[in-house]
Amino acid sequence: REGCGGGGMASCRRLSGAGLREVLGPAQGLLFDCDGVLWAGERAVPGAPELLERLRRSGKAALFVSNNSRRSVAELERRFSRLGFRGVRAEHVFSSALCSALFLRQRLLGGGGDEGNGGGRVFVLGGEGLRGEVRDAGLRLAGEGEPATGPAEPVRAVLVGYDDQFTFAKLAQACGYLRDPQCLLVATDPDPWHPLSDGQRTPGTGSLTAAVETASGRKALVVGKPNTYMFDCIVERFGVDPSRTLMVGDRLETDILFGKNCGLSTILTLTGVSRLEEAQAYMASDSAAAKDLVPNYYVDSIADLIPGLDE
Amino acid sequence: AALPGPAPADWAQAPLDPAVRAVLVGFDEHFSYAKLCQALRYLLRGGSDCLLVGTNRDHRLPLEGGTGIPGTGCLVKAVETAAQREAFIVGKPNRYMFDCVVSEFHIDPARTIMVGDRLDTDILMGNSCGLTTLLTLTGVTTLDEVKGHQESNCPARQSLVPDYYVDSIADLLPALGD
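Protein chains in written order, with our numbering: chain X, 1 to 311; chain W, 1001 to 1178.
These are computed hints drawn from the structure, not numbers from a lab. Do not rely on the hints blindly, as some may be mistaken.
[Unchecked claim] No more than 27 Å apart at the CA atoms, straight line, and that leaves these computed lysine-lysine pairs for DSSO-like:
| hint | chain 1 | residue 1 | chain 2 | residue 2 |
| --- | --- | --- | --- | --- |
| 1 | W | Lys1035 | X | Lys219 |
| 2 | X | Lys291 | X | Lys219 |
| 3 | X | Lys219 | W | Lys1147 |
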């Protein structure tokens, strides 16, 4: 029987028929990645909204964990609704933008609120969605609301996210702040690229982080999957039991490894980035690290999970 | 060529030049996400038929007064990470430039001295190519750094140690006859 995250290597078994009910039956909840799992671009994966509805009716929790740092969770809530998913609220959605803001709040403000010194400013390489999450966490952004005269507060963190307006000048500016060893370097996620709907790829936060790390000589603290911080955020808010929770994702190097790192059983869905052949290649590899990228189970699409739930 | 629209989804629709067979990353103070996008598109379209070349891997370009700006190495790393492939690096410490010099000037490494201020480029290349290496202290490297490498047990760090050093290349003058 498949272990839950500990012990031996996962075996990438197709989930279907009786196996589906055996695996889904005991589960209290599922964590879903979003891009490539629930939707691709502006199209919901066929059957995905129905799956979420059936999970709700079965009394199983559905939470969402995404490395995409472009959107605020409020925007994501609207996106779920627009694409036909009912009943998903912002509090169910854990994006790397939100979790990076929570992480910085903890580190710079001590997890409280308005401490006297304000905790310093954050230099954000990213769009308005990310910047909004950082502001909502009570932090001040470099370049906003600075005093007209006198010194501005020191920049205590550089946050690298998905930034389609990234430039050499911003890279140089980030490095300037990072010369202070007290200034944190944080990245929302490690993804090297993201798929576009026509099969092309667009560079991810990982490529921008590599530039900042090289220029500054520092290693970034990465908030997103496969690191476990976002799971800590989920546990703090909802208290999930890893042994009764399944992780569903499309990217072996982030979603499946995240599941493994958090002690969750994992299901790979084939509607996104990773191909079954890649999972099988990791399974056949001699490297110990490769074994951690093998999912316990796979499905062609999350719609295939529906028959595993009670009517 | 101008990009058709403000967002990456638009940029991915811009026509690609069918004749492009290589992406060359050099120092680019106008580097941007849009350019990184286009580089990635050419590399994905061409696969192994499109070269990825970097002029060098320097992290930092020192400026006057101890300041500096990001070096070409940062931009190379961004492209390599997005494309998930390694660039061919022309510059030091790789030996390609030395091979160019040798082929034009019939250099005998055993009778040639490499003079530089940077351990991980100048001195490493010189040592790898069988040259005698001479560090000058008028640039980025301090003697303490060299001693650190010398005293380490690590072979990679040992190859950063020059054969000789001078405070400045002017110190070579007395050795040269009239």
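Next on the checklist: Just to be careful, I want the Cα atoms of Lys1035 (chain W) and Lys219 (chain X) compared with a cutoff of 27 Å; is the pair within it?
Outcome noted: holds, 24 Å
Next on the checklist: Lys291 (chain X) and Lys219 (chain X) were given as a pair; does the straight-line alpha-carbon distance stay at or below 27 Å?
Outcome noted: Holds. Lys291 (chain X) to Lys219 (chain X) sits at ~25 Å (cutoff 27 Å).
Checklist entry - Does the structure keep Lys219 (chain X) and Lys1147 (chain W) at a Cα separation of 27 Å or less? => result This hinted pair holds, its Cα atoms lying about 25 Å apart.
When the structure is compared with the earlier hints, no violation turns up for any of them.
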